[in-house]
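Peer 1: Single-letter residue listing:
Protein chains: 2
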Amino acid sequence: MNEAVVLTPERILEVTEDVLRRFGLAKATVVDVARALDVSHGSVYRHFPSKASLREAVAKRWLDRIDAPLRQIAEEKGPAPARLERWLRTLFAAKRSRVLDDPEMFDTYLTLAREACAAVKCHKDTLTDQVVAILSDGVAQGVFAIDDVKATARAIYDATSRFHHPAHADEWKDADLPARVDATLALLLRGVRA
Amino acid sequence: MNEAVVLTPERILEVTEDVLRRFGLAKATVVDVARALDVSHGSVYRHFPSKASLREAVAKRWLDRIDAPLRQIAEEKGPAPARLERWLRTLFAAKRSRVLDDPEMFDTYLTLAREACAAVKCHKDTLTDQVVAILSDGVAQGVFAIDDVKATARAIYDATSRFHHPAHADEWKDADLPARVDATLALLLRGVRA
Numbered sequence: 206m207n208e209a210v211v212l213t214p215e216r217i218l219e220v221t222e223d224v225l226r227r228f229g230l231a232k233a234t235v236v237d238v239a240r241a242l243d244v245s246h247g248s249v250y251r252h253f254p255s256k257a258s259l260r261e262a263v264a265k266r267w268l269d270r271i272d273a274p275l276r277q278i279a280e281e282k283g284p285a286p287a288r289l290e291r292w293l294r295t296l297f298a299a300k301r302s303r304v305l306d307d308p309e310m311f312d313t314y315l316t317l318a319r320e321a322c323a324a325v326k327c328h329k330d331t332l333t334d335q336v337v338a339i340l341s342d343g344v345a346q347g348v349f350a351i352d353d354v355k356a357t358a359r360a361i362y363d364a365t366s367r368f369h370h371p372a373h374a375d376e377w378k379d380a381d382l383p384a385r386v387d388a389t390l391a392l393l394l395r396g397v398r399a
Numbered sequence: 206m207n208e209a210v211v212l213t214p215e216r217i218l219e220v221t222e223d224v225l226r227r228f229g230l231a232k233a234t235v236v237d238v239a240r241a242l243d244v245s246h247g248s249v250y251r252h253f254p255s256k257a258s259l260r261e262a263v264a265k266r267w268l269d270r271i272d273a274p275l276r277q278i279a280e281e282k283g284p285a286p287a288r289l290e291r292w293l294r295t296l297f298a299a300k301r302s303r304v305l306d307d308p309e310m311f312d313t314y315l316t317l318a319r320e321a322c323a324a325v326k327c328h329k330d331t332l333t334d335q336v337v338a339i340l341s342d343g344v345a346q347g348v349f350a351i352d353d354v355k356a357t358a359r360a361i362y363d364a365t366s367r368f369h370h371p372a373h374a375d376e377w378k379d380a381d382l383p384a385r386v387d388a389t390l391a392l393l394l395r396g397v398r399a
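Protein chains in written order, with the working numbering: chain A, 206 to 399; chain B, 206 to 399.
Simulated from the structure, these hints should not be mistaken for laboratory data.
Glycine included, C-beta positions come from ideal geometry on N, C-alpha and C.
Mixed in with the good hints there might be a few duds.
[Unchecked claim] Per the computed footprint, the stretches of chain A lying under chain B, defined by three or more beta-carbons under 8 Å from a beta-carbon of chain B, are: (1) 223–235; (2) 242–253; (3) 279–290.
[Unchecked claim] Taking lysine-lysine and the PhoX-like style, the derived pairs with C-alpha atoms no more than 20 Å apart in a straight line are: (4) A:Lys300 / A:Lys326; (5) A:Lys378 / B:Lys282; (6) A:Lys378 / A:Lys300; (7) B:Lys378 / B:Lys300; (8) A:Lys256 / A:Lys300; (9) A:Lys329 / B:Lys378.
[Stated by the list, open to error] Between beta-carbon pairs, the in silico distance windows are: (10) A:Ala380 / B:Tyr250: 37 to 47 Å; (11) B:Asp330 / A:Pro214: 25 to 35 Å; (12) B:Glu309 / A:His252: 38 to 48 Å; (13) A:Arg291 / B:Arg227: 14 to 24 Å; (14) A:Asp375 / B:Glu309: 16 to 26 Å; (15) B:Gln346 / A:Arg270: 33 to 43 Å; (16) B:Glu320 / A:Arg251: 22 to 32 Å; (17) A:Gly247 / B:Gly229: 48 to 58 Å; (18) B:Lys256 / A:Lys256: 47 to 57 Å; (19) B:Thr316 / A:Asp379: 14 to 24 Å.
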């Protein structure tokens, strides 16, 4: 046992991701994680009191990695139309690269994220809140005309599902996808402009 | 054998749908269809020279039933914005009722429709052609301002996937769905208006 190295939650989560990658979601256990860290499983439980809390933390870490660059765009103060477009394109690219680069881990994370949805605020809600922020900025800047900002944010999220919802991932390599994305974004941006 | 009743392609297709419903797609054979019709399987093959051609005809018949009311709206000559909205709502309702009323047969038809896609023109192309017709009417009426009618039609189809693509069928009973549909349609109609 190597308890000399400080066991941080971050270190446990890193190793848990490795273990999930090697053993798969169905087979990976807390004991596997402890063994990979060369600590007792009690040491892991000190930071994550249950397997469920560990799984939830892995999901949250994954979602935070997707969320961070989006949040940054949402919190900027530049012209809202360009930010809305950039936010959407960043979302599509994040989903696309994760699915295409590592489809198995994507499925694992997706399952964990769905489980965590009750505990962590659903990722989707976090994302639509960011669109609400951009739309509100655009209204304040006088470039967007929107009656119901919240409903419109949800509509923009729904209307771009084809490009960010994993159910459509098998189309994300299609040659015509960039043109379809452009056409949809142009339509939506026209739909909100003042 | 009851060859007295005239064996029409329509009658064969009706009975084939019953047979598919009873035996499932994997198990149903042309012999089952002939037996249900009380004719020889040669009589079926006279109208449909292969199992593949029979399956294709079943798919086409199903798609035509979805398509007919939509085509009618596309071919009308009234104000385009109302027609576009009605066309989309009719599409959503058609998919929704088919999935919710009979999910197993929906899966069967969907598989057949995908198989038939190379032979019959893909249903999706037929549908976007109808949106092209409505958008073109709107431009002629001076109520829509659209640069690329074809790309915009595809974008409208993509942007409403959440409400017509079977991958999202598990949301179609959600209490907030009607409000989400309204918000998306309002956004898209604003996006094309002159």
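Peer 1: Does each hint fit the structure? Answer for all of them.
Peer 2: Taking the hints in turn, this is what the structure says about them:
1. 223–235: Per the Cβ count (0), the hint is violated.
2. 242–253: violated (count 0)
3. 279–290: It is violated: at least three residues are needed, and the region 279–290 of chain A offers just 0 whose Cβ sits closer than 8 Å to chain B.
4. A:Lys300 / A:Lys326: holds (19 Å)
5. A:Lys378 / B:Lys282: violated (38 Å)
6. A:Lys378 / A:Lys300: holds (12 Å)
7. B:Lys378 / B:Lys300: holds (12 Å)
8. A:Lys256 / A:Lys300: Violated - the C-alpha atoms of lysine 300 (chain A) and lysine 256 (chain A) are around 26 Å apart, more than 20 Å.
9. A:Lys329 / B:Lys378: holds (19 Å)
10. A:Ala380 / B:Tyr250: 37 to 47 Å: Given a distance of about 40 Å, which is inside 37 to 47 Å, the answer is holds.
11. B:Asp330 / A:Pro214: 25 to 35 Å: violated (52 Å)
12. B:Glu309 / A:His252: 38 to 48 Å: holds (47 Å)
13. A:Arg291 / B:Arg227: 14 to 24 Å: About 54 Å separates the Cβ atoms of arginine 291 (chain A) and arginine 227 (chain B), which means 14 to 24 Å is violated.
14. A:Asp375 / B:Glu309: 16 to 26 Å: holds (23 Å)
15. B:Gln346 / A:Arg270: 33 to 43 Å: violated (48 Å)
16. B:Glu320 / A:Arg251: 22 to 32 Å: Given range 22 to 32 Å: violated, Cβ gap about 56 Å.
17. A:Gly247 / B:Gly229: 48 to 58 Å: holds (52 Å)
18. B:Lys256 / A:Lys256: 47 to 57 Å: holds (50 Å)
19. B:Thr316 / A:Asp379: 14 to 24 Å: Given about 21 Å between the Cβ atoms, the range holds.
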